[in-house]
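Engineer: From first to last, the protein sequence lines are chains A, B, C and D.
If you read the first sequence in the working numbering, its first letter stands for residue 1, the second for the next number, and so on.
If you read the second sequence in the working numbering, its first letter stands for residue 433, the second for the next number, and so on.
If you read the third sequence in the working numbering, its first letter stands for residue 718, the second for the next number, and so on.
If you read the fourth sequence in the working numbering, its first letter stands for residue 969, the second for the next number, and so on.
Hints in this document: simulated from the structure, not taken from any laboratory.
Small disclaimer: the values here were computed from a predicted structure and weren't measured.
The beta-carbon is built from N, C-alpha and C at its ideal position, and this holds for glycine as well.
You may find that some hints are simply not true.
Looking from chain B toward chain D, a few residues come up when the C-beta cut is under 10 Å (computed) [as the list claims (entries may be wrong)]:
(1) P448
(2) M693
(3) G694
(4) E714
Rough simulated footprint, nothing fancy, chain C against chain A, three-plus residues with beta-carbon under 8 Å [said to hold, decoys possible]:
(5) 64-76
(6) 136-142
(7) 162-172
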Amino acid sequence: MTNNVKINVHHITRVEGHGNIKVDIRNGELKECKLEIVEAPRFFEAMVRGRPYYEAALITSRICGICSMGHQLASLAASEDAFGIQISAQERLLRRLLNCGEFFESHTLHIYFLAVPDFVGAKSVLPLVATHKDVVVRALKLKRLGHWVGDVIGGRLIHSMATHVKAITKIPTDEQLHEIIAKLKEAKAMLREDVSVLKRLKFPDFERETEYISLYKPGTYAFLAGNIYSSDTGETSYKNYREMTNEYLVDHSTAKRAKHHRDSFMVGALARFNNNHEWLSDDAKQLAEDLGLRAPCYNSYLNTVAQFVELMHVADDAMDAAQKLLNRERQLEDHTFPVHAGTGIGAVEVPRGILYHEYTYNDQGYMEKANCIIPTAQNLNNVENDFRALLPTITHKSQEEITLLLEMMVRAYDPCISCSAHILDVEFVDED
Amino acid sequence: MMQLDLQPKDEKLYLPDPVRIVEIKDFTDKERFFKLEILSGKSLGHQPGQFVQVSVLGIGEAPISISSPPTKDHFFDLCVRAVGNVTNKLHTLKVGDIFHIRGPFGHGFDADIQQRMQGKHLLFIAGGIGYVPLRSLINNVLPEHHRYKKISILYGCRTPKDRMYQDELAEITKMGGNVELFETVDRTDETWKGNVGVITTLVPKVELDPVNTITAICGPPIMYKFVLISLMERNIPKDNIYMSLERRMKCGVGKCGHCQMGGVYVCQSGPVFKYADVEHNEEVF
Amino acid sequence: MSKPKVAFFDFACCEGCQLCAIDLEPEQLLDLVSVVDIVEFREAMSETGDQLDIAFVEGSITRDSDIDRLKKIRERAKLVVALGACSMIAGINALKNFQTKAEYTQAVYPEDPNKYETTTAKAIGEIIQVDAFIPGCPIDTGEFLRVTKNLVLGKTPDIPTYPVCVECKRNENVCVYEKGIQCLGPVIRAGCNARCPSNGGYCFGCRGLIPEPNINSQQDIMQKYGLTYEKMLEKFKLFLQRNQEIFGDDQ
Amino acid sequence: MTKPEILITTKKSILKGLDQAHSTYRIIALTRNQERVIYDYINSSDEIELEYQPTVLSVKKFFFPQDEIILDYTVEGKVTPRIEAENLVLFGVRPCDLNGIKILDEAFAESHGDPNYLSRREKSIVIGIDCQKVCDKDAFCYKVDSNEAKGGFDIMLYDLEDRYVIQVASAKGQKFLERYFETTPGLPSDLEKALAKKKEGFKGLEPFKNLEKFPEIFEKNKDHPVWEEEGSRCLSCGSCIMVCPTCYCFDVADELALNLKKGQRMRRWDACMLSAFAEVAGGENFRPTAKERLHHRIDRKFNFLMAKHGQAVCVGCGRCVRACLADISPKVIAEKITGK
Ligand SMILES: Cc1cc2nc3c(=O)[nH]c(=O)nc-3n(C[C@H](O)[C@H](O)[C@H](O)COP(=O)(O)OP(=O)(O)OC[C@H]3O[C@@H](n4cnc5c(N)ncnc54)[C@H](O)[C@@H]3O)c2cc1C
Ligand code: SF4
Ligand code: SF4
Ligand code: SF4
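My request is simple: use the sequences and hints to build the entire structure.
Structural biologist: See the structure below:
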């Protein structure tokens, strides 16, 4: 095309939240390249201040409809860390089920509804109802499954009210656990069926090695507990999360940004896969192999494929947890405990990467200070760096194609800009 | 011990029957007249003053008074004011459309009351849509007006535009003899040459012999209070005053509790009540 | 009859209500699109778009620059439905209204508190006329479908006016007051099937107050259970900041 | 009818009989469900709690459920009534609730019999267990002459430690008994023994002195200050009505399927204590204040319906007292109006 490219995508479609892409290339030189976040700021960290500990998870889950359960799990972990509470084995099993619900709901939404339309040249999932009805129906079922598990275990598909610091207030019955196992079996079969669908998608060729950060607990594909691991610098305690993120504000975004060893890093499915793949379930490993996903993988576009592999893993993990629950006496556990002052950190893997909550409570159990670092914020710099690497290789393409590739890149990261789930407007602004 | 019979007698108590619209007239933009045909071919078999539960499937049920006199055929009339879900929907239907009814229900102007009326002066007082339930009785007695001492009909509306059954009203005026009609409107317009004022202003115009007068009233809730005062002023015995009352209703058969006024169910003991029987019931007015 | 055109719009919120609205079984989704025409977001967003039959608006208004967009939606739509607590009663967003702007901006962006535009969080009904609402944080999918259906049929959406206790009792729960926990159920609008008390929690008021709450009595009741009204007031803050019955006039 | 003969059975035999009946009937009994004791369907007699503990809801919910579909229809106009009744055994219903059933029976059978309720009742066997003491501080069955069942049961059991004295009240009860329970003839003295124990348990607990005159007294006390005193505290939350074994008001609503092609008409519990209960078109509300609504509810129990049923329609189970956060109690109201 030319040496001049000016792209202004106002409201990228099919990402969760409102964001804009701005790219300006003059004479082959990249002048401007940024991902803008234009959400209305909501001030959650301020809102939780002065609120009692048992509301922390209720409030922070409302940061995001999609990551609702992720925020709850991080929030509970932070409160428990602050109060020095060890949760029971039963509680750990139940949280694995909640985690499974979260991943099914979020990953399927992203893979099938937000990412896939790109590859078949559709603007949204709606046209696919006519052309690929079976896939859409399976996708809906998989997404519903996630919500359903959240409902059965947490009492509601999102914003669970049954979760509580120390112990959940609701115990599943045998029938419910059997049903969970049966449905997950069915889900695994559906995932297998869609391998062929995924294989047909042509992911853009792109490679840029970066720093990959995830939770880490040798022996497990860590989601709910562990230390932090960087592919550059190795393992460090979750207590050091601030050093791992170094948050700062940039002019063009309401979201804060993060960096660690280099000027950007990646979190999310691909980072987890790169760091923890050896502990995936056997079926998930097989799936990765069938899809040709091999660690380490430096193609950010393939984050979507890593998500697909993770679905298989969480299905296996949740079936195991449900079976263990079935094998034991279950009972409502006392969720009261002596409250005292303290600070705690919760670091959990949510679909988009590591989520950190840090709380400081006073001696009455009221929040004094809170800090939440969402994965999307951690990824933003990396997206921009991917843009920078990608752009010089595609300037020969048409503006439509460039825009699409950039948008697809943003979408591959499954960004949850202020955490939402809608399809946005794309506007091609040519300012020349 | 007394054994109660728990045999379900009427399996079809809540099953409505289909009726077809054979004629529609718009009285006002809110009030619409329907002539209906019962598809089963059976006659409704009602008393004047009774009501049916009208069903629009998917929307709901509403009690509506039967406004035609008893007949042997399978036709009857309703007049519906559009105020909510069911009634609005009824206003969207067309001739030939089908909806459903249950009933007739309630206690109307039964044989005893009609017996009492024989040879007496009948005084009907209707406010607005209150004319509808009374019409089933009025149109029942008019053809046999000679069997009564006199028939006086007082009818009040908000404006001349709100007058319903205008053709019939004209007919009644023409009848003369022992049949008289007084009308009034609250607010007038250029078309109106008649009386202006609330309905109680009509009461003094009627010549009557209190003990030989039987009155039937129907209208909006606030009307009763004032009409009753003016009837008391004319010394009409409380035993000779009948009124048709309205309450919210869900079942029409004395179960759901919505229409209860104090201890009585409007759908069972009413809607037609003798004033003397409910005078002390605080929830009536 | 052409299908009514419906569209979704969102302001400050987690967008969980939209998620719940479309949390349907495949057959349900097909049924839904056979009854209404879901206008795609791109069309819905363009300011010159067509007339809409129903606009579902999610989220609170938290900056003045959103007001215009909201008013435009009102102009385009025959019916505006507030979707969820954020848009109906300003929801969780209004929790920040208990602090001064300086306090909350300083807490989150200490480096540059004035960087972003923000103001008192408001319900959309404080700015435009709203024809119907679907309460809850998040909304209940069944209720969303029922209201949508009713609007399509021209029926008034039958959102309960009675409190959560009705449903809690129908579910035969042991009242959480017996366990020494304050519950807002007696003054909060039912329709959620008493979800929280039925799942081991207590009602924290996400569906908003019923039309005639007896707050005085609620205050007295605390004594009987040896609980404090202050603790209860604290719970009211979570979702009910915009309710003058409890918190008086706008601050 | 001949004088009912007195039979004896062991508790074991009763439980065994219930397990056998399980193949033909669904069995309902007092049972533990997580942190509460409720009347619920059971699969085995092991799950039965023989000792009574007050439940939130009475057994009313099995005959007149919280929600039920009464009609199915298609938009083409095919309408079918839906009446769902199964063979039920309700085991261990106490006198207050039995009197509640009796009152509901009369109300639903009166004039137009309600087919849904009656079909369920017709197919059910109610086995009562007499109480030998008052269950808790809130119950006041003895005040309203309701600690003995006046009806509502097919079989009644009187506790004699490891045995029960049996009384049969209906032909279907007789049949059930013969089929499932092993009995031996008993003596009048056995029944007397059980009743003596009851007398002991309820010693000093007397009915309201002028109970029979309640309708009259309440009729005269329409302006009593108690209505304002109690009514002003009422939250209009409807809890009292939801839990009451003798309340039976309902609401009816139509619901179309999402594709608008077929639908159902349902009824669900409603409550005269809720503010919108008596509201009609134009927003007129015939009972706009909590005070009037409370008055109406209590009048139904002690005035209007009492006159009709010949017994207090509040059976003193105490459920509404336990349920009411504002501490409003029919007993207290009755005491204030009629004296202790
Ligand atoms: C015995 C009797 C006879 C009646 N006869 C007629 C008649 O001949 N013509 C006529 O137009 N209307 C008549 N009505 C009034 C009519 O029943 C109501 O207007 C109707 O039920 C409203 O139903 P809807 O579904 O259209 O309104 P909805 O959408 O149900 O409600 C609209 C408003 O009406 C109230 N409402 C609900 N049920 C009733 C009710 N039964 N009565 C009054 N308000 C109610 C609601 O609370 C709401 O405020 C009669 C009522 C009774 C009790
Ligand atoms: S738990 Fe809450 S909603 Fe339930 S009855 Fe008690 S106060 Fe009402
Ligand atoms: S119980 Fe209360 S907080 Fe919970 S969903 Fe219902 S209204 Fe919301
Ligand atoms: S009024 Fe109260 S005490 Fe009396 S029967 Fe009903 S719930 Fe029981």
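Engineer: All hints are to be evaluated individually against the structure, with a verdict given for each.
Structural biologist: We went through each hint and held it up to the structure:
1. P448: holds (6 Å)
2. M693: holds (7 Å)
3. G694: holds (7 Å)
4. E714: Check passed: Cβ of E714 (chain B) comes within 6 Å of chain D, closer than 10 Å.
5. 64-76: holds (count 4)
6. 136-142: holds (count 4)
7. 162-172: Three-residue rule met by the segment 162-172 of chain A, so holds; n is 5.
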